[in-house]
Every structure is written in C-alpha cells, then in structure tokens.
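A.B. asks: In the order they appear, the protein sequences are chains A and B.
The first sequence begins at 35 in our numbering and counts up by one.
The second sequence begins at 35 in our numbering and counts up by one.
Since the hints were made in silico from the structure, they are not lab data.
Each statement offered as a hint is correct.
Since copy identity is lost for identical chains, a pair holds within one copy or between any two.
Straight line, CA to CA, 20 Å or less: simulated EDC-like cross-link-like pairs of lysine to aspartate or glutamate: (1) K60 x D323; (2) K412 x D268; (3) K132 x D100; (4) K412 x D209; (5) K39 x E154; (6) K60 x D184.
There are 2 protein chains.
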Amino acid sequence: MAGRKLKIGLLGCGTVGRGLVELLAKKESLIQQRTGVTLGITKILVRDLEKPRRGVDQALLTTDPDRVLNNGCDLVVELVGGIEPARSFIQHSLRRGKHVVTANKALLAQEGFSLLKTAEMRNVRLGFEGSVCGGIPIIRALRNGLVGNDIQSISGILNGTCNYILTRMTDDRMDFDEALAQAQSLGFAEADPSLDVDGHDAAQKLKILAELAFGAELPTDAVDVEGVRDITLDDVQAARELGYTIKHIAVAEVIDGSLMLRVGPMLVPRNHQLAGIRDENNAVVVRGDAVGEMLFSGKGAGSLPSASAVLSDVIDIACHKGGFAIGPTGEAKPCASDYSSSHYLRFAVRDPAAIGPVTTVLEREGLGIQSASASWAKCESGSHHVRVVTHWSPRSVVDRAVAAIATAGHASQQFVVRIAG
Amino acid sequence: MAGRKLKIGLLGCGTVGRGLVELLAKKESLIQQRTGVTLGITKILVRDLEKPRRGVDQALLTTDPDRVLNNGCDLVVELVGGIEPARSFIQHSLRRGKHVVTANKALLAQEGFSLLKTAEMRNVRLGFEGSVCGGIPIIRALRNGLVGNDIQSISGILNGTCNYILTRMTDDRMDFDEALAQAQSLGFAEADPSLDVDGHDAAQKLKILAELAFGAELPTDAVDVEGVRDITLDDVQAARELGYTIKHIAVAEVIDGSLMLRVGPMLVPRNHQLAGIRDENNAVVVRGDAVGEMLFSGKGAGSLPSASAVLSDVIDIACHKGGFAIGPTGEAKPCASDYSSSHYLRFAVRDPAAIGPVTTVLEREGLGIQSASASWAKCESGSHHVRVVTHWSPRSVVDRAVAAIATAGHASQQFVVRIAG
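Full structure from sequences and hints, please.
C.D. replies: Structure follows, in structure tokens:
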C-alpha cells in the first residue's frame with residue numbers, strides 16, 4: 035500500500051477548488067500516514083490566469099482544458115459547475131478510463147444516472163460526495179453504509195440559505211427580507227438568491243439522493259418545488275402557538291408503490307429532530323428497512339467542508355481501484371404527486387369574522403378541520419388572517435378546497451403548508 | 035463486476051448473526067443488482083445444534099470452528115463476542131489472508147489496534163462497522179468520509195440503555211429503578227445491566243472511535259468511566275430548572291495536545307443537538323478541522339441495524355479488493371485526565387441551611403460558584419439537597435473541593451456532573 039502516487043487534474047479553482055488545494059497542501063502527511071497514498075495536482079483549469087489565488091501555485095494554472103484532461107492524470111476533479119462544458123469534460127474523462135470526482139449538483143441532478151452508467155461501463159468510478167450537503171457523508175452512506183437496506187424515505191433540510199432565513203425569522207423575529215439580507219451579508223446567500231430561496235437547489239439535491247436511494251432514474255420534473263418567500267412572521271408565530279417550527283423540508287418517500295418527491299415549507303413538531311437543525315446547517319433523515327431511521331447533520335456548504343467531501347472521494351478511489359457503482363436495481367418506480375397529511379392553511383380575508391364562510395367551503399369540499407382561528411389585528415398587507423389546521427387529508431383534496439375558497443371570493447390570498455408528523 | 039461470488043464463514047448465530055442470515059436471504063437480489071456480487075454462507079458456527087433458529091438452514095450449522103475457518107471461505111464474519119475464542123478465530127483468519135468482519139466491541143476496545151495492524155500486514159481488511167452504534171455508519175465516516183480531517187473531538191450518546199433510562203426519568207418522571215425495569219422488560223437492558231448502566235459499554239465504544247479518529251493506540255484504562263446509577267429524579271428536575279437535560283455522554287477531545295476520554299452523566303443545554311436524542315437512540319458528534327461539527331444519529335443496537343452494518347462491511351470488501359486501513363498516523367498523544375468546565379454539584383445535607391458552610395468550603399478551595407440552592411423538602415433518603423452550579427473550573431479543583439466538603443463533614447453524599455456548553 036505504501037508509496038502509491040495519484041495524479042489529479044483539477045478543473046476549476048473557485049471556492050471549493052481553492053479549498054481542495056488548501057486541504058491537499060495541509061493534509062499531505064496525514065493522508066500519507068493514513069492511506070499510504072501521495073496526492074499531487076498536475077494542472078488546474080481556470081478562466082483567468084491573472085486573478086489572485088492565495089496558496090495556489092501559479093505554474094499549475096492553465097486556460098486550456100486539454101492540458102488538464104490529457105496530461106497523464108489518473109483522476110479528474112471537476113469543480114467548474116454548471117452543465118457545459120462540465121458535462122463534456124466528465125464524459126471525455128470517463129470514456130478515456132479516468133476516474134472522476136465532481137461536486138456539480140446541477141449536472142448530476144440532470145443526468146447523474148447516465149454518467150454513472152458510463153462510469154460503470156468503462157469500469158471507472160464517479161465520486162460526487164461533494165454535490166450534496168457539503169461535508170456530510172450522505173452519498174457514501176447511501177452507496178455503501180446502507181447498501182443492504184431498502185430505503186423507505188429520505189427527508190431533510192438540504193438548503194442552508196432557506197434554513198438560515200427561517201431560523202432568523204423564528205428566533206429573532208426578523209421578516210423574510212431582513213433575514214435574506216443578513217444571509218447575503220454573511221455569504222450564506224447569493225446576490226441572486228432565487229436558486230436557493232425558491233427551492234431549486236434543494237430539489238436538485240433531493241433528486242440526486244432519491245436516484246441513489248431508490249435505484250431508479252427520475253424525470254427532470256419529478257420534484258414538486260416550493261420556496262420560502264411566502265412565509266410571513268405571522269405564520270412563524272402561528273406555528274409556534276401550535277407547537278411547531280416552520281422548516282424548508284425536502285422529502286422523497288414511497289407511498290403505495292409510487293415515489294413522491296417534494297420540496298417546500300413544512301411545519302415540524304418542536305421536538306422533532308429536524309426542528310433542532312438551525313442556522314445554515316443541513317440535515318438528512320434516511321429510513322431504511324433494516325436500520326430504521328438515521329439522521330446525518332452538519333455544515334452543508336462552504337469551501338473546506340465541500341473540499342473535504344471531494345477529497346474523501348479522491349482518497350477512496352486512490353485506495354480502492356476496483357469498480358463500485360450503484361446502478362438501477364429494478365423497474366423505475368412511478369412518480370406520484372399526491373400524498374396525505376395534516377395541513378396548515380392561511381387565508382388573507384378582509385373581515386376576521388370570515389372563519390364561518392371559509393370553514394364552510396372547506397368542509398363542503400370534503401376537508402376535515404381540526405382547528406381554525408383568526409387574527410383580529412390586521413397584518414402588514416391590510417388583511418386579517420384565517421388560519422386552519424386540517425385533519426389528515428390527501429393534498430389533492432386540500433388543493434381543491436383551497437381553490438374553492440378563491441372561487442367563492444372569500445380570501446384574497448392563501449398559503450398551504452404540510453404538517454410533519 | 036457481474037457474477038462475482040463471495041463465500042462467507044459465519045462464527046456465531048445469536049441476535050446479530052440471525053439478523054445477518056435474515057438480511058442475506060431477503061436482500062439477495064437487491065445486493066446483486068446494486069453491486070453485482072452474490073453472497074453465500076458456507077458454514078455457521080454455533081454452540082448448540084439443537085436450539086431452534088427460525089429461518090436458518092440447519093445443514094449449515096456446525097459446532098466445529100475448523101469447519102467454518104478452513105472451508106474455502108473468502109471472508110469470516112465473527113459474531114461470537116467476548117475475548118476468547120473470538121480473538122483466536124480472527125487472528126487465525128487474518129494470518130491466512132482472509133478478510134474479517136466483526137461486531138465485537140469488547141475485543142476491539144482491548145486490542146483493535148493490533149488486529150488492524152495484522153490485517154494491514156497481511157493485506158486483508160478488517161471491518162467493524164457493527165461494533166459501534168449499530169447501523170449508524172460512524173466507523174465508515176471516520177475511516178473514509180472524514181479521512182482528510184484532523185479530528186478535534188468526538189462526543190456522543192453511545193449507550194442506548196442509559197439513554198432510554200434517562201429519557202424515562204426526564205419525560206415520565208420515573209425513578210432509576212423503575213426506568214431500568216422498563217428497559218429490561220422491553221429488551222433494551224440485560225438482566226445484568228452493569229455493563230450498560232455503569233458506563234463500560236460506552237467506554238469501549240469511545241475507545242474504538244478515539245483510536246480511529248486520533249490514529250493512536252490508547253491504554254486500556256484511558257477512559258474515565260461513570261454510569262447513571264447515581265442520578266436521581268431530583269437531579270433531573272434541578273437540571274430542568276436550570277435549562278438543561280441530563281444525558282450520559284462520552285467525550286474524546288484534544289486539550290492542550292493531550293487526549294481526554296470521559297464517559298459519564300452530563301448536563302446539556304435543552305436546545306443542544308444531543309439533548310434531543312431520545313429513548314434507546316445513539317448519536318455521535320464529530321468535529322473535524324475541515325468539515326466542522328457533524329452529527330450522526332439512529333438506532334444504536336438491535337438485530338437488523340447491527341446486521342445491516344455487518345453486511346455493509348461484507349459488501350465493501352466484496353467490491354473493493356484492495357487493502358485500506360487506518361493505521362497509526364504519528365506519535366501517540368498523551369492521555370490527560372483533567373479538563374475544565376462548569377459543573378453541577380449536589381450534596382446531601384441534614385439541614386437545608388447548609389448552603390453557607392458548603393459554599394464557604396468550596397470557595398476556600400478555589401472553586402467559583404455561579405449559583406447555589408437548597409431544597410426545603412427532604413428527598414427519599416431523608417436528607418436535604420444543596421445544589422451548586424460552578425463557574426468554569428478544572429475538574430481537579432472541583433474534585434478537591436468536593437473532597438473537602440466530605441472531610442469537613444458537611445454532607446453525607448455528593449454527586450458531580452459536568453455541564454456541556
């Protein structure tokens with residue numbers, strides 16, 4: 035085992051790339067001692083040679099992808115991001131029999147399954163621990179640790195920005211805009227936050243996890259996506275009064291043989307394990323038929339946590355030369371879009387005495403109501419809110435009943451959130 | 035990758051062994067599809083051939099270890115438990131170039147390091163995911179997922195029995211004896227519960243995790259051990275009033291270059307991530323320099339969770355023929371036994387007006403006091419309790435001050451617990 039060397043071609047030197055260069059330098063002797071492998075970077079692809087990059091050897095930089103890909107490296111690390119040219123780089127490398135490690139969640143969500151198949155055919159490995167939840171070894175857990183389990187469900191907090199915003203709204207009673215601005219100033223949210231706050235980032239991660247866990251390729255629109263923009267302080271307060279916390283939750287579960295994938299706000303009981311995941315942290319709960327329920331949590335992003343995940347894949351490949359892939363394990367499960375649950379509904383009404391007409395319409399549409407209340411004080415928009423907690427009902431019934439409220443003209447606005455339980 | 039077969043020799047067919055036989059039968063096609071490997075058991079060592087074992091093929095059973103070990107198997111799974119003959123079985127197998135998977139925490143805590151070295155020398159693998167925290171893939175996380183991290187600390191709830199008892203005391207106000215009896219009736223505690231409730235089981239697991247995480251062999255008495263027998267309902271209530279929950283916590287951390295290993299009761303803030311781990315669940319928090327803090331939790335024991343962990347090792351070995359070991363990574367760290375923290379102290383006194391003399395002695399011994407209170411009502415033992423929360427102090431100072439209280443004759447009994455935070 036001693037004395038093995040592995041030559042890495044690195045594509046991209048942004049946040050995670052620089053973290054990887056830093057870790058490789060700092061951990062060289064630790065890695066040698068633990069694994070007997072020496073890791074070295076042959077070339078680094080960048081867009082701009084002149085940009086200052088502290089701690090990165092200028093002589094390794096190139097703007098020519100060929101000098102990275104066809105330069106005798108054993109393994110390619112793709113940290114360019116986005117679909118093209120990342121896809122071509124990865125396909126080119128796999129087809130030439132090179133192992134690939136990537137943290138590219140957009141690409142994996144779009145065509146991870148076909149990339150995994152290419153890797154399997156060429157008998158090389160495709161590592162992507164860094165693509166979901168930063169340093170949390172959830173991909174490894176699904177591919178290896180839980181390999182003897184039929185996975186029943188995956189749920190979690192997959193987007194640190196949404197969780198940071200909801201934590202500030204809950205703990206510090208900031209409103210959405212204020213919390214978002216704070217997340218941006220701390221670097222937890224991008225200048226254009228829509229990928230995060232509208233739920234698409236979490237949806238990409240959920241699709242990657244679900245394809246691995248359920249061994250089936252899923253259609254690109256498989257995930258029903260909702261973000262956190264519509265959540266108000268009034269909702270946060272109402273959730274608290276009901277004993278819940280509002281979280282942005284991604285769920286993939288098998289219901290009556292169909293796979294259901296949803297990303298959106300959810301009320302979780304205050305003593306639920308996901309309620310305690312705060313700030314920019316991520317968490318994933320996996321339920322397997324043999325192991326039961328298992329939670330993994332930690333920092334879901336950041337230069338060093340993500341680089342640590344990329345490095346773990348690199349070392350795994352360096353130490354195990356054999357192929358290992360999770361491929362399709364059977365027929366693709368059909369995707370469903372209906373599910374049953376209790377729900378929290380909020381309606382904007384002109385008159386707080388609208389509980390009667392609102393609940394009457396809901397009940398006429400077949401929705402069982404557990405409780406209903408109205409705020410006498412007007413909220414910012416100048417309306418009152420009627421809040422309803424439903425009994426266990428199919429989401430389709432909830433949606434139909436909510437639509438009937440709009441048709442009847444009882445409310446100017448509505449908001450529907452699932453209650454975990 | 036397709037069509038590979040792996041022959042398993044199984045030593046022991048108790049709770050975990052039967053779980054493994056069950057999983058191998060149920061998951062045969064899932065495992066083939068996911069990995070291309072067919073797993074088969076050649077022979078099973080048992081003590082008593084006549085004992086009924088549902089779902090186990092009688093023809094595979096033998097009472098002769100030779101018929102398991104020297105029967106052309108590729109891999110030996112040791113689930114006999116205890117030190118001997120398990121140790122001889124494992125050494126014999128490793129020396130003959132067979133991979134070994136074991137869930138034997140007593141043996142690994144005693145000499146895991148030397149077994150790992152033997153495996154490395156023979157270029158075979160020793161898997162022991164099942165030895166710590168059942169199905170939670172914490173060994174895999176330390177050996178692979180976090181391999182590029184310097185681990186700064188490991189802490190957690192490693193014993194399900196203690197956690198079950200403390201959860202009942204906290205939530206249902208049962209006293210220790212009642213909670214233990216309930217744990218026993220539910221199968222969470224043995225008829226002789228001392229391995230669990232006196233902390234030794236958690237100490238064994240902590241030693242295994244610490245040796246892996248810090249890459250250094252530790253002396254057998256490295257862990258300072260305390261159990262949960264001395265915790266009273268009065269303590270649970272006092273902790274609650276102070277905003278804490280009492281948990282049985284194992285900690286391995288580096289303090290000023292020395293490694294400190296402790297297992298014992300601890301007050302954790304009610305919103306701390308370990309405070310929410312309930313019932314028989316286990317949890318491990320790992321702090322690495324690159325990934326930050328990460329939590330893993332789930333069922334820490336049981337037939338199928340532990341068998342799932344054993345199976346993951348078997349499949350890992352089946353899929354990666356190369357060697358991979360975490361060996362010593364440098365000089366052994368010295369072990370320390372002192373640490374600093376706030377502490378909760380409880381003294382049994384005859385007169386509730388003993389706050390003055392007690393705090394006077396403590397302060398004279400150099401201990402800073404944050405708060406002190408006394409219960410006017412007598413507790414069961416007929417004494418009053420004086421409760422003290424100290425400022426941040428070295429444990430050695432706390433112990434000296436507590437000893438001085440006993441010497442001065444102010445209290446008939448005392449109890450010291452560390453406060454997390």
